[in-house]
Amino acid sequence: MHELSLTQNLIELAEEHARRAGASAIKSITVKIGALSGVIPEAMEFAFDVCCQGTLAQGATLGILHVPAIGRCRQCTTESSMTSLIDSCPECGGFVLDILQGQEMALTELEID
Amino acid sequence: MCNDCGCAAPLPGHEHVHDPPSRTIRIEENLLAKNQCLAETNRAHFLAQQVFVLNLVSSPGSGKTSILERTLADLAEQVTFAVLEGDQQTSNDADRIAATGVPVKQINTGAGCHLDAHMVGHGIETFQMDATDILMIENVGNLVCPAAFDLGEDHKVVVLSVTEGEDKPLKYPHMFQAADLMLINKIDLLPYLRFDLEQCKAFARQVNPGIKVLELSCHSGAGMDQWYDWLKQGVRRKRAVRNAERA
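For the protein sequence lines, the chains are W and S, in the order given. When we follow my numbering, the leftmost residue of the first sequence carries the number 1, and every step to the right adds one. When we follow my numbering, the leftmost residue of the second sequence carries the number 1001, and every step to the right adds one.
It should be emphasised that the hints constitute simulated quantities derived from the structure, not laboratory data. Hints may contain errors.
[Unchecked claim] In the DSS-like style, the derived pairs of lysine-lysine whose C-alpha atoms are separated by at most 27 angstroms in a straight line are:
1. K1201(S) to K32(W)
2. K1201(S) to K1212(S)
3. K32(W) to K1171(S)
4. K27(W) to K1171(S)
[Claimed, not checked] Looking from chain W toward chain S, a few residues come up when the C-beta cut is under 7 angstroms (computed):
5. L6
6. L10
7. L13
8. A21
9. I40
10. I86
11. G93
12. V96
13. L100
14. L107
15. E111
16. I112
17. D113
Every residue gets a Cβ at the ideal spot worked out from N, C-alpha and C, and that includes glycine.
Can you build the whole structure from these sequences, using the hints too?
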């Protein structure tokens, strides 16, 4: 449910960077979203057009790079792909996995005019 | 030849408008960067004023406000509190806290589902922070969104009541992972419920092996002393950190 405020943050960030670069409009915005970031990409897409209204990003397109989650077992150091925060190690069954990637939610690229 | 479009210009009348090419800029900035920045500002302020700050999170109805009411009353002689109350609507919780005589400010988030660092920064403006030991921030009752927003607190404290089901930590792992302390509330009701206390703690530790767990009932008073000890220890530790920085 917090995708709306995250998307508002995204547009604000994008506008700041675009203004600093002297842009008059933002044509596309690219973000990367980790599988365990808690952000639902579809909800962000849904909020995006509304949040762009009246900003430099009006009419812009949204690109989402999905980052799969990888964890490393603290017990046996095996790295495995994760689909939830409560996954256990497929090798030894250990419950504590340090998340190496998959919690990202970041603005990565802007296409500006 | 025209450099922009490759046509056989320059001929007289070659004056079509070439769109300026769009540019791509690469950035790497977290979507919560602004909130994070404000949270760090809050945190520095809290440290300078030696205020121990807790962000209380839970589902609605777990007993956050009742725990606060009892805590404020029981520790009134020993600890100076201030309270921020987050709810979508009404000042009901702030009214309950105000009745204890503790300074309180209600933040209504409207449609918002969580407090953010900006709201907290403004929320504390009327408090005498240099005369406050503990700032309690009662977040909007919601086990999802408040997990993602740092307010500048020392700890997130998640409250789970035994009427909710022991598998909440598995259902809402982000929140239980973000919290340092879990309060299991309403334990006076355990005889009437099929709530597996040990299983609940095991689930919480599966999500967050380092989480500390206290069992209590703000109604009967059972277990409240451990919670008070934890609070007083936090106040002492915060002062020690500050004094060490000054030395």
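Verification of the hints:
The straight-line distance between the Cα atoms of K1201(S) and K32(W) is roughly 34 angstroms, outside the 27 angstroms bound, and the hint therefore fails. At roughly 9 angstroms between alpha-carbon atoms, K1201(S) and K1212(S) fall within 27 angstroms of each other, so this suggested pair holds. At roughly 25 angstroms between alpha-carbon atoms, K32(W) and K1171(S) fall within 27 angstroms of each other, so this suggested pair holds. At roughly 38 angstroms between alpha-carbon atoms, K27(W) and K1171(S) are farther apart than 27 angstroms, so this suggested pair is violated.
Among the interface hints, the one on L6(W) holds; its C-beta lies about 5 angstroms from the nearest C-beta in chain S, closer than the 7 angstroms criterion. Evaluation of the L10(W) hint against chain S yields a held restraint, the C-beta minimum of about 5 angstroms falling below 7 angstroms. About 6 angstroms separates the beta-carbon of L13(W) from the nearest beta-carbon of chain S, less than 7 angstroms, and the hint is met. The beta carbon of A21(W) comes within 6 angstroms of a beta carbon in chain S, closer than 7 angstroms, and the hint placing it at the interface holds.
Hint status for I40(W) relative to chain S: violated, with the closest Cβ pair at about 11 angstroms, above 7 angstroms. Annotation: I86(W) was flagged as interfacial toward chain S, and the flag holds, the nearest CB pair being 5 angstroms apart, inside 7 angstroms. Hint status for G93(W) relative to chain S: violated, with the closest Cβ pair at about 12 angstroms, above 7 angstroms. Interface restraint check: V96(W) against chain S, minimum CB-CB distance 5 angstroms, threshold 7 angstroms, status holds.
A hinted interface residue such as L100(W) counts as satisfied when its beta carbon comes closer than 7 angstroms to some beta carbon of chain S; here the least separation is about 16 angstroms, so the hint is violated. For the restraint placing L107(W) at the interface with chain S, the shortest Cβ-Cβ distance is roughly 5 angstroms, inside the 7 angstroms limit, so the hint holds. Against a cut-off of 7 angstroms between C-beta atoms, the interface hint on E111(W) holds, since the closest Cβ of chain S lies about 5 angstroms away. Because the closest C-beta pair between I112(W) and chain S is about 6 angstroms apart, less than 7 angstroms, the hint holds.
Restraint check, D113(W) versus chain S: the minimum CB separation of about 5 angstroms is within 7 angstroms; hint holds.
Of the numbered hints listed earlier, those contradicted by the structure are 1, 4, 9, 11 and 13.
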